[in-house]
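One line per chain: the protein sequences are A and B, in this order. Count along the first sequence from 1, then add 36; that gives the number in my numbering. Count along the second sequence from 1, then add 36; that gives the number in my numbering.
Derived by calculation from the structure, the hints in this document are not laboratory data. Just so we're clear, the structure is a prediction, and the values are computed from it rather than from any experiment. Where hints are given, some of them may not hold.
Heads up, the list lumps identical chains together, so a pair's fine if it works in one copy or across two of them.
Straight-line Cα separation of at most 25 Å, PhoX-like style, residue types lysine-lysine; simulated pairs [claimed, not checked]:
id: 1; residue 1: K416; residue 2: K397
id: 2; residue 1: K416; residue 2: K60
id: 3; residue 1: K397; residue 2: K258
id: 4; residue 1: K60; residue 2: K449
id: 5; residue 1: K64; residue 2: K397
id: 6; residue 1: K274; residue 2: K53
id: 7; residue 1: K274; residue 2: K299
id: 8; residue 1: K299; residue 2: K416
id: 9; residue 1: K274; residue 2: K397
id: 10; residue 1: K53; residue 2: K449
id: 11; residue 1: K258; residue 2: K416
id: 12; residue 1: K397; residue 2: K60
id: 13; residue 1: K258; residue 2: K53
id: 14; residue 1: K64; residue 2: K449
id: 15; residue 1: K64; residue 2: K416
id: 16; residue 1: K274; residue 2: K416
id: 17; residue 1: K274; residue 2: K449
id: 18; residue 1: K258; residue 2: K60
id: 19; residue 1: K299; residue 2: K449
id: 20; residue 1: K299; residue 2: K397
id: 21; residue 1: K449; residue 2: K258
id: 22; residue 1: K64; residue 2: K274
2 protein chains.
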Amino acid sequence: MKQGTRTNTVIDAIQRKINSRALKPGEKLPSIRGFAATMQVSPSTVVEAYDRLAADGTIYARRGAGFYVAPLIQPFAVAKVGPELDRAVDPFWVSRQSLDAATDALKPGCGWLPADWMPHNQMRQALRSVGRAEDALLADYGSTKGADNLRRLLARQFIDEGLNTGPDQILLTPSGTQAIDLICRFLLRPGDTVLVDDPCYFNFQALLRAHQVNFVTVPYGKNGPDVDQFEQALIQHKPSLYITNSALHNPTGATLSPQVAHKILNLATTHDMVIIEDDIFAAFEPAPSPRLVAMDGLDRVIRVGSFSKTLSASVRCGYIVARPDWIEALVDLQVATNFGGPSPLAAELIYSVLSSGSYRKHMEALRSRLDTCRSEVAAKLAALGIEPWLMPRGGFYLWCSLPGGVDSADLAKAALAGSMVLAPGNVFSVPQSMGGFMRFNVSQMQDPQVCETLERVLRTVRSGIG
Amino acid sequence: MKQGTRTNTVIDAIQRKINSRALKPGEKLPSIRGFAATMQVSPSTVVEAYDRLAADGTIYARRGAGFYVAPLIQPFAVAKVGPELDRAVDPFWVSRQSLDAATDALKPGCGWLPADWMPHNQMRQALRSVGRAEDALLADYGSTKGADNLRRLLARQFIDEGLNTGPDQILLTPSGTQAIDLICRFLLRPGDTVLVDDPCYFNFQALLRAHQVNFVTVPYGKNGPDVDQFEQALIQHKPSLYITNSALHNPTGATLSPQVAHKILNLATTHDMVIIEDDIFAAFEPAPSPRLVAMDGLDRVIRVGSFSKTLSASVRCGYIVARPDWIEALVDLQVATNFGGPSPLAAELIYSVLSSGSYRKHMEALRSRLDTCRSEVAAKLAALGIEPWLMPRGGFYLWCSLPGGVDSADLAKAALAGSMVLAPGNVFSVPQSMGGFMRFNVSQMQDPQVCETLERVLRTVRSGIG
Numbered sequence: 037m038k039q040g041t042r043t044n045t046v047i048d049a050i051q052r053k054i055n056s057r058a059l060k061p062g063e064k065l066p067s068i069r070g071f072a073a074t075m076q077v078s079p080s081t082v083v084e085a086y087d088r089l090a091a092d093g094t095i096y097a098r099r100g101a102g103f104y105v106a107p108l109i110q111p112f113a114v115a116k117v118g119p120e121l122d123r124a125v126d127p128f129w130v131s132r133q134s135l136d137a138a139t140d141a142l143k144p145g146c147g148w149l150p151a152d153w154m155p156h157n158q159m160r161q162a163l164r165s166v167g168r169a170e171d172a173l174l175a176d177y178g179s180t181k182g183a184d185n186l187r188r189l190l191a192r193q194f195i196d197e198g199l200n201t202g203p204d205q206i207l208l209t210p211s212g213t214q215a216i217d218l219i220c221r222f223l224l225r226p227g228d229t230v231l232v233d234d235p236c237y238f239n240f241q242a243l244l245r246a247h248q249v250n251f252v253t254v255p256y257g258k259n260g261p262d263v264d265q266f267e268q269a270l271i272q273h274k275p276s277l278y279i280t281n282s283a284l285h286n287p288t289g290a291t292l293s294p295q296v297a298h299k300i301l302n303l304a305t306t307h308d309m310v311i312i313e314d315d316i317f318a319a320f321e322p323a324p325s326p327r328l329v330a331m332d333g334l335d336r337v338i339r340v341g342s343f344s345k346t347l348s349a350s351v352r353c354g355y356i357v358a359r360p361d362w363i364e365a366l367v368d369l370q371v372a373t374n375f376g377g378p379s380p381l382a383a384e385l386i387y388s389v390l391s392s393g394s395y396r397k398h399m400e401a402l403r404s405r406l407d408t409c410r411s412e413v414a415a416k417l418a419a420l421g422i423e424p425w426l427m428p429r430g431g432f433y434l435w436c437s438l439p440g441g442v443d444s445a446d447l448a449k450a451a452l453a454g455s456m457v458l459a460p461g462n463v464f465s466v467p468q469s470m471g472g473f474m475r476f477n478v479s480q481m482q483d484p485q486v487c488e489t490l491e492r493v494l495r496t497v498r499s500g501i502g
Numbered sequence: 037m038k039q040g041t042r043t044n045t046v047i048d049a050i051q052r053k054i055n056s057r058a059l060k061p062g063e064k065l066p067s068i069r070g071f072a073a074t075m076q077v078s079p080s081t082v083v084e085a086y087d088r089l090a091a092d093g094t095i096y097a098r099r100g101a102g103f104y105v106a107p108l109i110q111p112f113a114v115a116k117v118g119p120e121l122d123r124a125v126d127p128f129w130v131s132r133q134s135l136d137a138a139t140d141a142l143k144p145g146c147g148w149l150p151a152d153w154m155p156h157n158q159m160r161q162a163l164r165s166v167g168r169a170e171d172a173l174l175a176d177y178g179s180t181k182g183a184d185n186l187r188r189l190l191a192r193q194f195i196d197e198g199l200n201t202g203p204d205q206i207l208l209t210p211s212g213t214q215a216i217d218l219i220c221r222f223l224l225r226p227g228d229t230v231l232v233d234d235p236c237y238f239n240f241q242a243l244l245r246a247h248q249v250n251f252v253t254v255p256y257g258k259n260g261p262d263v264d265q266f267e268q269a270l271i272q273h274k275p276s277l278y279i280t281n282s283a284l285h286n287p288t289g290a291t292l293s294p295q296v297a298h299k300i301l302n303l304a305t306t307h308d309m310v311i312i313e314d315d316i317f318a319a320f321e322p323a324p325s326p327r328l329v330a331m332d333g334l335d336r337v338i339r340v341g342s343f344s345k346t347l348s349a350s351v352r353c354g355y356i357v358a359r360p361d362w363i364e365a366l367v368d369l370q371v372a373t374n375f376g377g378p379s380p381l382a383a384e385l386i387y388s389v390l391s392s393g394s395y396r397k398h399m400e401a402l403r404s405r406l407d408t409c410r411s412e413v414a415a416k417l418a419a420l421g422i423e424p425w426l427m428p429r430g431g432f433y434l435w436c437s438l439p440g441g442v443d444s445a446d447l448a449k450a451a452l453a454g455s456m457v458l459a460p461g462n463v464f465s466v467p468q469s470m471g472g473f474m475r476f477n478v479s480q481m482q483d484p485q486v487c488e489t490l491e492r493v494l495r496t497v498r499s500g501i502g
């Protein structure tokens, strides 16, 4: 056995003891001589192993007193729970790059509209109006389910999508991501299996890793997930949850067909699986597409959404629509973990914008602006050999294949050096099968510098391949 | 063996199979005859056991097809994780009563100031000012750590409390409760042990139960926790975390003395325990009291806080101050579970109020108003035989003993019938040792109806005892 292998064997043995809590935080590790004897290796191998465990923070040395398990064995570094991903395609890295990017950075990889595309007139009007509201709205926690007026307005909107429900089945949350997180806390336990699309929204992965679940994936086609593989996955892996976007799937922009929706829902029923349908992009559709939640009638499908893409990501508010008994349990869980729902002020601002007469017009204009923009950007990308996988019916994403041989992670790394944040395909892929794809946000590509930078970076990366 | 005992044995056996996942969600239970044979009981005992498991939702019957494990084995009913508490002293029930109370309900049990005591002029001014802000503030997600200006202002404030830190060690969160929740997700695993004070803020219990930890408690005295019992608890139970309020402890209003603080911190260091110091009431102190976080210098003590008590619970924002490496990991975790920090709009409103020239004056006036109010309420309560355990240096709570023999849960139940929400002692007590105490919020007792209702209800409950 080679020296490196022996060291790894010792590292693995210690790591297993720590994982199984045979060695607890703060406990002293076996002495170097003693453990060398146990493992039948030389003391220097154990020293090497302990030093490497100390370097990554798993254990630490006390001067003159030996090695100890670090105070917090596994302070929860979420990224470490999954397989070691290439840093360039680590979902956290991409989120943080786009959220923390300089104001003048180019961001075709980000997941939101430019600030000046948002309904800021309506929002400013709403701010003036809440400035005259009663003290309680500005000062109090608000009710546990969140503002009545916004929940009633949402219930009315859902009727258009074929979902009949009352405001009592709607729980407001501080964000759409927190809506999903709250449901996961309610439904999942470490070690459970969750089904996601390949590709899927990258933060589903990050969030689910925080719940320490196992993944099973099914390829997402132009009409939804591959039904045969979906069934096989349910039979073989018995996932307890499937999470997806039906309306304008992220990142592909595809739309679920009625046939696929019907089959998926039957399979979920047969195999007793819950579905979270995250329809955060629903308002960008020209007309509502088939919804699992509407077919199901809120039995095993939970709908979540938010206003961050259409209205404001600064005034944050999300929601959950679910069975009454689940809503009651989720209220308790939200009281425990947030002492209530979203900011009443935020909910009032959202309500005020949504109910303003000009909001519908704003959204119509926005959809048509995106249609034009999507065609223009698709043409510019085509000139670079970058082809959309499909032309979505709405929204701001184009999921594109790169010209032969270019790895999207390489392209993203190179782009970052040019102050441009891209969203490479494997960020969206649990099995890392999307290296040849890239998600573009067409609304963030009006600046000619974006395509210029892209062309330059593409040339550099391709010359590296050639 | 009695019939009831046999039924329980069968119930326990099934429950163990479900807990260990030998029986998975959706799986069929053993047939009644078969399981009766296995368990050496009569089929009717198994029928009785299955019916009771079905009644509490653990399993369900499919018509003509037998019994199945419920789709979601343990949808997370937080309250069920702990011991069965008297419903009147269930922390969720109290939170929900006070949050969802009618606007005209009397709420001496709630944990916040009346809306018209809050700095609403400053808030209205701030709202007008953000209405003129740039689009990005109204539309974008904001950076992952939260607004720079607010973090810088907090870092400057902390210097007054003896805590030298930079804005990079401050992470803004959507609320103070979420700050604690995020840290718990980072530090704790199911089955870990957490130390809390007896009594302690009731939502610590609710929140920690959501993390499925075990509790160990130490009596809280007039200068902080009992040091000897604290040491014993650390030796015997090896808790990984202690969570407390040092400045104006909730519910007692007590203040940690420098001697106790020093000893506690030494014990935490010796036994390698992390401390969360939740100083949400700090701004109500006449002068800063000793802080564990300041003594420790952000090694193993984490400070959390929020603005919900002093500024607004509608415009919510909390914060975490911790070691730089922990902050980085917490940023990842917050991106995963909330895609960013608090609402940038909320952070800007908070910043704007805190930095306004009149805020300091508002707080001075508020502290003095509370001092007067506290004395007046204490006198009124004394007339009813209700005595404060101590007179706090600040804040709005009075932790009081009830006249002989009255159980505070009985009083709270009776008060609720009179539309008054009280906070009975055992809500704050993991070992349920505080039945003779009640927490009063003096700011919510200006209305003479409060003491009138209290007197009437007290009379009724005492006559029941006599």
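So, going through the hints one by one against the coordinates:
1. Taking the closest pair of Cα atoms, K416 and K397 never come within 25 Å of each other, the shortest separation being 29 Å inside a single copy and 59 Å across copies.
2. Within a single copy, K416 and K60 get their C-alpha atoms no closer than 58 Å, and across copies no closer than 52 Å, so neither meets the 25 Å cut-off.
3. For the homomeric pair K397 and K258, neither the shortest alpha-carbon distance inside one copy (30 Å) nor that between copies (62 Å) is at most 25 Å.
4. In this assembly of identical chains, K60 and K449 lie within 25 Å of each other by CA distance neither inside one copy nor across copies; the values are 39 Å within and 44 Å between.
5. Taking the shortest alpha-carbon separations for K64 and K397, neither the intra-copy value of 67 Å nor the inter-copy value of 53 Å comes in at or below 25 Å.
6. With identical chains, the CA atoms of K274 and K53 are at most 25 Å apart between copies only, with a shortest distance of 17 Å across copies and 30 Å within one.
7. Proximity of K274 to K299 under the C-alpha cut-off of 25 Å is restricted to the intra-copy arrangement: shortest distance 17 Å within a copy versus 52 Å between copies.
8. Proximity of K299 and K416 under a CA criterion of 25 Å is satisfied in neither setting, with 38 Å inside one chain copy and 68 Å between copies.
9. In this homomeric assembly, K274 and K397 never come within 25 Å of each other (Cα to Cα): the closest approach is 45 Å inside a single copy and 61 Å across copies.
10. Within a single copy, K53 and K449 get their C-alpha atoms no closer than 38 Å, and across copies no closer than 49 Å, so neither meets the 25 Å cut-off.
11. For a Cα distance limit of 25 Å, the shortest separation of K258 from K416 inside one copy, 23 Å, qualifies, whereas the shortest one across copies, 72 Å, does not.
12. In this assembly of identical chains, K397 and K60 lie within 25 Å of each other by CA distance neither inside one copy nor across copies; the values are 61 Å within and 50 Å between.
13. When the C-alpha separation of K258 and K53 is checked against a cutoff of 25 Å, the pair qualifies neither within a copy, at 47 Å, nor between copies, at 42 Å.
14. For the homomeric pair K64 and K449, neither the shortest alpha-carbon distance inside one copy (42 Å) nor that between copies (51 Å) is at most 25 Å.
15. Proximity of K64 and K416 under a CA criterion of 25 Å is satisfied in neither setting, with 62 Å inside one chain copy and 57 Å between copies.
16. When the C-alpha separation of K274 and K416 is checked against a cutoff of 25 Å, the pair qualifies neither within a copy, at 44 Å, nor between copies, at 62 Å.
17. Taking CA atoms no more than 25 Å apart as the test, K274 paired with K449 passes in neither setting, with 37 Å inside one copy and 45 Å between copies.
18. Taking the shortest Cα distances, K258 and K60 never come within 25 Å of each other, neither inside one copy (50 Å) nor across copies (33 Å).
19. Proximity of K299 and K449 under a CA criterion of 25 Å is satisfied in neither setting, with 40 Å inside one chain copy and 51 Å between copies.
20. In this assembly of identical chains, K299 and K397 lie within 25 Å of each other by CA distance neither inside one copy nor across copies; the values are 36 Å within and 65 Å between.
21. In this assembly of identical chains, K449 and K258 lie within 25 Å of each other by CA distance neither inside one copy nor across copies; the values are 29 Å within and 58 Å between.
22. Proximity of K64 and K274 under a CA criterion of 25 Å is satisfied inter-copy only: 14 Å between copies versus 41 Å inside one chain copy.
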